[in-house]
Structures are given as C-alpha cells and as structure tokens.
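With the hints as your guide, set chain B onto chain G.
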Amino acid sequence: MTKVPLTTRQIPDRLTHPFQSALFSWQSLLLLVAVTIFIVNCFATPYFLSPWSLSDATFNFTEKALIALAMALVIISGEIDLSVAAIIAFASTMMGLALQFGVGTPGLVAVGILTGLICGAFNGVLVTGLGLPSIVVTIGTMSFFRGLSFIVLGDQAYKGYPTSFAFFGQGYVWWVISFEFVLFLIMAVLFYILLHRTNFGRWIFVIGNNPIAAEFSGVRVRRIKLVLFCLTGIMSGVAAVLLTSRLGSTRPSIAQGWELEVITMVVLGGVSILGGAGSIIGVVLAAFIMGLVTFGLGLLNVPGIVMSIVIGGLLIAVIALPILAKRLQQRNIK
Amino acid sequence: MSSETSGTPLVEIKDLSIAFGGIKAVDQASVDLFPGEVVAILGHNGAGKSTLIKVLSGAYKRDGGQIFVNGEEADINNPRDAKQYGIETIYQTLAVADNVDAAANLYLGREILTSFGTLDDAAMEAEARKVMGRLNPNFQRFKEPVSKLSGGQRQSVAIARAILFNARILIMDEPTAALGPQETEQVSELIQQLKKEGIGIFLISHDIHDVFDLADRVAVMKNGQMVGYARTEDVSKDEVLGMIIMGKCPAGAVAGPGAMQEA
Chain G
1 MTKVPLTTRQ IPDRLTHPFQ SALFSWQSLL LLVAVTIFIV NCFATPYFLS PWSLSDATFN
61 FTEKALIALA MALVIISGEI DLSVAAIIAF ASTMMGLALQ FGVGTPGLVA VGILTGLICG
121 AFNGVLVTGL GLPSIVVTIG TMSFFRGLSF IVLGDQAYKG YPTSFAFFGQ GYVWWVISFE
181 FVLFLIMAVL FYILLHRTNF GRWIFVIGNN PIAAEFSGVR VRRIKLVLFC LTGIMSGVAA
241 VLLTSRLGST RPSIAQGWEL EVITMVVLGG VSILGGAGSI IGVVLAAFIM GLVTFGLGLL
301 NVPGIVMSIV IGGLLIAVIA LPILAKRLQQ RNIK
Chain B
335 MSSETSGTPL VEIKDLSIAF GGIKAVDQAS VDLFPGEVVA ILGHNGAGKS TLIKVLSGAY
395 KRDGGQIFVN GEEADINNPR DAKQYGIETI YQTLAVADNV DAAANLYLGR EILTSFGTLD
455 DAAMEAEARK VMGRLNPNFQ RFKEPVSKLS GGQRQSVAIA RAILFNARIL IMDEPTAALG
515 PQETEQVSEL IQQLKKEGIG IFLISHDIHD VFDLADRVAV MKNGQMVGYA RTEDVSKDEV
575 LGMIIMGKCP AGAVAGPGAM QEA
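These protein sequence lines are chains G and B, in that order. The first sequence runs contiguously to residue 334 in our numbering. The second sequence runs contiguously to residue 597 in our numbering.
Only chain G is shown next, with the shape it has when bound in the complex (with noise of 0.2 Å):
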C-alpha cells in the first residue's frame, strides 16, 4: 500500500448558499405576486390606491388570515381542521345569546373567544384522543357546529351589539390602520416566533414528517395536536369576535365557506398539504394576495360566485403546481 499524505478536504455543509436558495424561496415567488397584483390593481381601477381604499382591502382578509396563522400550524402537523367558520358561526351565535342575558362587551368578547376553544378543544379530543382522522372529525363538526347555531336562531339575528363592542371590528388604532389589522400583525410575528423558534414549533414540524420518531424522542405528540385544535378554535373565536363587531349581527350562515379561503391561504403560502413544511413569513403574503386579488375583483364589480371560482382554482393550481414541477424535474434527471 503507497502512503498518500494526509490532507483534509473542504466539505461545504451545505449545497447552496443561503441567500441563493432564498431568492429561489416560494416566499420571493409570493412577494412578487403580491407586488405584481398591487400594481395591476392601481392601473385597473382609480379608486384602489387611496389610504382609506387600502385600509378597506385589510378588512377583506385580516379575520381569515388569523385562522390562516394557526391553522398553517395544524397543516403542517398533518392535520387539517375544516370546522373553522363553522365554529365562527357557532361563537357568534353564543355571543348573541349572551346578548340576550345582558352580558356586556368584555363578556361577549370572553364568550366568543372560550366558545372558540370548546369548539377546537372537542374536535382535538376527538382526532387524539380516541384516534380518528382530522378530516373526517372536522367535516363532521363543521356540520355540527353550524346545525347548533340555526337550531338556536332560526332564521333569526341577533342584533343590538353594544357600541363599545363595535370597536373590535370597526375601530381604528390610529388614522387609518385598524384594530383588526393591528391585531393581525402582532399574531403573525407570534405565531412566527412560536413555530420557527421555539422548540414547540420544531416539534410541530417534526411531527408532520414523522410522528413515531417525534414519539420515541420524548416529544408527546398527542398533546401537540390537541393544543393546535385549541389554537384554531380560540382563532376562530377570535375571527367570531371581529366579524360580529364589524357586521354587527349574528346569522348562522356567517362566514359561510371561510374554511376553503383560509385553506387556501395556508397552501398558498407555500405549507405542505401534506404536512411537515411551510412557514408563518409565506402564510402572511398569501393572506395579502388573497385580500389584494379579492379586493382588486370587488372594485372591478366582479361578482362574489366568480371570486369563489377563481379561489377554487387558484387552490387546485398551488397544489398542483409544486407537484408538477416536481415530475417534471425528475424526468429532466432521467
């Protein structure tokens, strides 16, 4: 055997450079599209580029986009919960029911937001503890949730709010920048502290990918789901608390099909449908693009039944998509 001399090698720990495979990110595809639709929205209508125009289009999106924070969490460990507006539904309908007894604005804002974490903590309950699959659980609560609000109204509202209460949908922080909005922002940044910097958001991730390895190192997996079906219920308690305050009545068919935006916002902002990827920073900008695109469609006069069609292409295509390009990049190898 002939000696080689000992050298070492350089080995990169890692393939691509970090600000290369961030401008490659689906999150600079998003900002792009986000950009671009802002701009085609001015040129398309005069009346869009206006603060208290822009201030509007918030509104379009910031109650979804809540949901949309903690429901991305529940996607990405491998669930899904399809019961959101229902429970929408199901807390506003509690709160007028407070209404009814007197309660004032601090307990109809309690009402609505512990109604929200009954609702998710059932449907948690439900998938760990007796081991059903989420989306058969949460089909089955949408129905449920929703049948207990027309059982309870009818096809009566509830209205009279306090004006206090009207705050929460209505209000403005300062000039044009509303509470909702306001609200939605200082989620976004806890959400995004929770899932990429905390261990329990590592957990969720690892959970979505493996579950069993995520079970045998200690991280008790149940218990995670069931605090992410909470999370998504006191969010759309939450939601339940704003869309009331700003409609200022209470129909059990409020927030009809919330569930399919929020969805797609989540799959938009590039988290797997299938679990284990995804982050706060995508969900965000496609919770922009969703309320810019809509909001763009409603000053064109645009009718809602079409903006549902275009929503529900546009989740068919951002679930194809990546699948696509994934076949064809693989047959480029071949």
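Keep in mind that the hints were calculated from the coordinates and are not lab data. Owing to the predicted nature of the structure, the values given are computational and were not obtained by experimental measurement.
Straight-line distance between alpha carbons at most 30 Å, and here's what the computed DSBU-like set of lysine-lysine pairs gives: (1) B/K571 to B/K358; (2) B/K582 to B/K571; (3) G/K326 to B/K477; (4) B/K348 to B/K571; (5) B/K477 to B/K464; (6) G/K326 to B/K482.
Here is chain B on its own, set in the frame of chain G:
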C-alpha cells in the same frame, strides 16, 4: 442463561408475555443483557422479537412478566419512561425526521433553549459537530435536512442521538439492513466503541449474517417463545440457523421454553 456473565445485568426481562387479540405474540420470554455486551435477538418475521423489544422501549404495554434495569424493577409504560431508564431505540426506518437538520434531530425532544426560551440553534449545532466528529468524522452536512443524507449518514445521526443523552441500553432494529458494505463497517466500528464505554446493545435481526460477528450472545425466538441462548463462540452459524428455522437447540446453547422437544 450464560454462565460466564456475572454481576448485575443491565437489563433483565423475565417471563414477559404480550398478546394481541388472543394471539400470543410473546409468550413467557426471558433475556438479559450485561454492560458492554451485544446480544442479538434473532428469529423469523413474526417470531416476536420486535414485539419483545418494543415492550422494552415503551411502545407496547406488557400483559405479564417483569423488566429489571440494574437489578431494580422498572415500570415502563411509554417511550419517555424507557428514556428515563437510559433505554434508547434506533429503528431503521423511523429513526430520523427527514425535514429538519442533523442537530435538530440530535436534540429532538430535548432542545437547547436560550434564556428567552427560544431555540438555541447555534449551541445545538456546535454540540452536534462535536458528537458527530467523534462518531463519523466525514460527516459535514450540518445545514441540510436529513432527507439529503445517505443511509449511513442518517444511521450515524440516529445513533449519535441515542448516545448523546447517556443511553446505557441501546436497541438497534436491523441496524445494517439498508446500508452498503462500507457503511456497515462504520456501524460495526461504532458498536465496538460503544461496547468499550460499557453500553449494552440489543441487536434485532432476522438475518443472522448481519449480526453474528457483532454479537457476543444470541437469543433465538420462534412463535413467540425463546428457543435458546448461546455465546457466539460456542456455536456455528449453521447451528443458530437450525435454532431459528426448526427450534432445534445445539449442544453449545442453553435451551429455552420454545426449544423443540426431543421425543
């Protein structure tokens, strides 16, 4: 059992039984493991070896029997309990989470946190570099998710994770089944090093060739029962094969309850 091993065993499993809906997957099986020893648990698919070991790692609850760790009875009901007794399990397929990097896998469930309660990724990566440097000096790809690593690299991440937290007892399920020759060599070197540190290792395999040279003793299972125990130096591979296939105990082995009865 083996007469030459003395002192308190690291683990002693006594008359352990577990049934799934009337089928006795493990029936009154006993096995022990001493510090610095490698015991291979062999048997066909369905012989009960994985089930036996999953009870030890906390994945299944036993119906009967006892587990002793360092001579004291252990109460193991879930993987967290098993960890507290220093028992770590490495599964071939389930070992790592693909979507995060090596350091995140090493510290999964026991993350280092900053004083703000957030993840201290820099500290974890620095520790990971130290540990991995000892196990597998060629390993450099610390910033990539584990899905981009080779089979051997993933296996070394899994093993590093197990030993990082002072495991005393290591369970390795088919440790070399998916590895190439060079990577298998790496794993066997690693096992030698762990033995020197006094760690006891259970190797689970259905393929005797994978583990015969690594093990000090073999314990063979068939139909949920223990066929027998033998020191690898006292028996040949063919004799152990006879134990696995026919339940026939050779002269060099100690017969268990599952051994074929000579009529």
